[in-house]
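Here's the letter readout for the chains.
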Amino acid sequence: MIRCLRTLDVSITLFAAAVAGCATQSGTVVLLPERDGRAAAVHVKQGERSLVLDSPYAAAEVTSTGPRAAKVGADEVKAMFGAALDAQPMRATAFTLYFEEEDALTGDSQRIVEDVLAAIARYPVPDVVLVGHTDLVGTDTFNDELARKRAESVRQRLVARGIAPGRIVAYGRGKREPAVPTGDGVPEPRNRRVEIIVR
Amino acid sequence: MSGNSKLRAGAVAMIFAALAGPSIAADIGYVKVVKGAVTVERGGKSIPAAVGTAVQAGDVIRTIANASVGLTMVDDTLLSAGPNSVLTLDRLDYDPSMRNGRLDATLGAGTLAVVSGRIAKQSPEAMTLRTPLAILGVRGTEFAVSAHDPVLANP
Numbered sequence: 001m002i003r004c005l006r007t008l009d010v011s012i013t014l015f016a017a018a019v020a021g022c023a024t025q026s027g028t029v030v031l032l033p034e035r036d037g038r039a040a041a042v043h044v045k046q047g048e049r050s051l052v053l054d055s056p057y058a059a060a061e062v063t064s065t066g067p068r069a070a071k072v073g074a075d076e077v078k079a080m081f082g083a084a085l086d087a088q089p090m091r092a093t094a095f096t097l098y099f100e101e102e103d104a105l106t107g108d109s110q111r112i113v114e115d116v117l118a119a120i121a122r123y124p125v126p127d128v129v130l131v132g133h134t135d136l137v138g139t140d141t142f143n144d145e146l147a148r149k150r151a152e153s154v155r156q157r158l159v160a161r162g163i164a165p166g167r168i169v170a171y172g173r174g175k176r177e178p179a180v181p182t183g184d185g186v187p188e189p190r191n192r193r194v195e196i197i198v199r
Numbered sequence: 001m002s003g004n005s006k007l008r009a010g011a012v013a014m015i016f017a018a019l020a021g022p023s024i025a026a027d028i029g030y031v032k033v034v035k036g037a038v039t040v041e042r043g044g045k046s047i048p049a050a051v052g053t054a055v056q057a058g059d060v061i062r063t064i065a066n067a068s069v070g071l072t073m074v075d076d077t078l079l080s081a082g083p084n085s086v087l088t089l090d091r092l093d094y095d096p097s098m099r100n101g102r103l104d105a106t107l108g109a110g111t112l113a114v115v116s117g118r119i120a121k122q123s124p125e126a127m128t129l130r131t132p133l134a135i136l137g138v139r140g141t142e143f144a145v146s147a148h149d150p151v152l153a154n155p
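In the order they appear, the protein sequences are chains A and C. Under my numbering, think of the first position of the first sequence as 1, with each following residue one higher. Under my numbering, think of the first position of the second sequence as 1, with each following residue one higher.
Hints listed in this document are in silico derivations from the structure and should not be mistaken for laboratory results. There's no promise every hint is true.
Here are the simulated lysine-lysine pairs, DSS-like style, with alpha carbons at most 25 Å apart [stated by the list, open to error]:
#1 78(A) <-> 35(C)
#2 45(A) <-> 121(C)
#3 45(C) <-> 35(C)
#4 45(A) <-> 71(A)
With the C-beta cut set under 10 Å, the calculated list includes, among others, these residues of chain C facing chain A [stated by the list, open to error]:
#5 34
#6 69
#7 93
#8 117
#9 122
#10 123
#11 146
Backbone N, C-alpha and C define an ideal beta-carbon position, used for all residues, glycine too.
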């Protein structure tokens, strides 16, 4: 068994399992309850055989004979995966800042910048991702540039408040992903925004 | 070659490796949590993982007994491994401005908890996790997987 565990490469592991008669090689897959209620599923495939896990604590026992459906409790999950779960990094926190025009933040959003800074301070080694967006007024080229400029303006604001520039990445998505769908050419303040991920 | 010049040559090679490192491959995630001895193996070299260490495609993350590690990937996927684990980050392609990509990882041994990120949200085929016996297709979810634990007590 130990030999199976210590082998590094997957193909070599299978080979070693066959040669050493390592019949105890196995595994478990458990679907965990979602924190944010997203639709969830894991598809467990072994050659031609497969199993779909799509409810909390649904599990698959994986052995050389194929995946077998199982059910585990929260206690078993803790016993098996407690160390891995305890090492889970903090989840990302998301914010949205809105713009009056060009790259000027609305008054409300200027206050939200303080919340963003407070969130960044909670992470041990924070990464900040800024994605700029525009409404559907103007060409793609114009809006790509405007979106990038908005993200860049937020980046400069954070850097001015002491966040290391190397921890921030800024991108523009132009008019491709409006928060509120509108026809082309329609001004929409809710689409003039920078989405922020702190993680 | 004398011992000294060998040492010097080694030091020069290490400096070159350090300088060349960032330009060769893109960072695909960061180590955010480290408990105990955790290493990142890249190009045959093994370095100790620390909070803030960047990881790249092809890296192999290892934990010893009583050690664990947590990674946040660039698409917000969280991967955390328990003791005696071997996790290979086979591939992570992600375009943050287009929000699409592909994530493949392999748990060779040990335990792994996963909170999927933006890549798995986009399409059912975009994220796979391999173990020695199975391939997991991830449809946007939280789950845990082991690659060697004894079979469940009450299957």
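Hints versus structure:
no., hint, result
1, 78(A) <-> 35(C), "holds (18 Å)"
2, 45(A) <-> 121(C), "holds (19 Å)"
3, 45(C) <-> 35(C), "holds (21 Å)"
4, 45(A) <-> 71(A), "holds (18 Å)"
5, 34, "holds (8 Å)"
6, 69, "holds (6 Å)"
7, 93, "violated (15 Å)"
8, 117, "holds (8 Å)"
9, 122, "violated (13 Å)"
10, 123, "violated (13 Å)"
11, 146, "holds (5 Å)"
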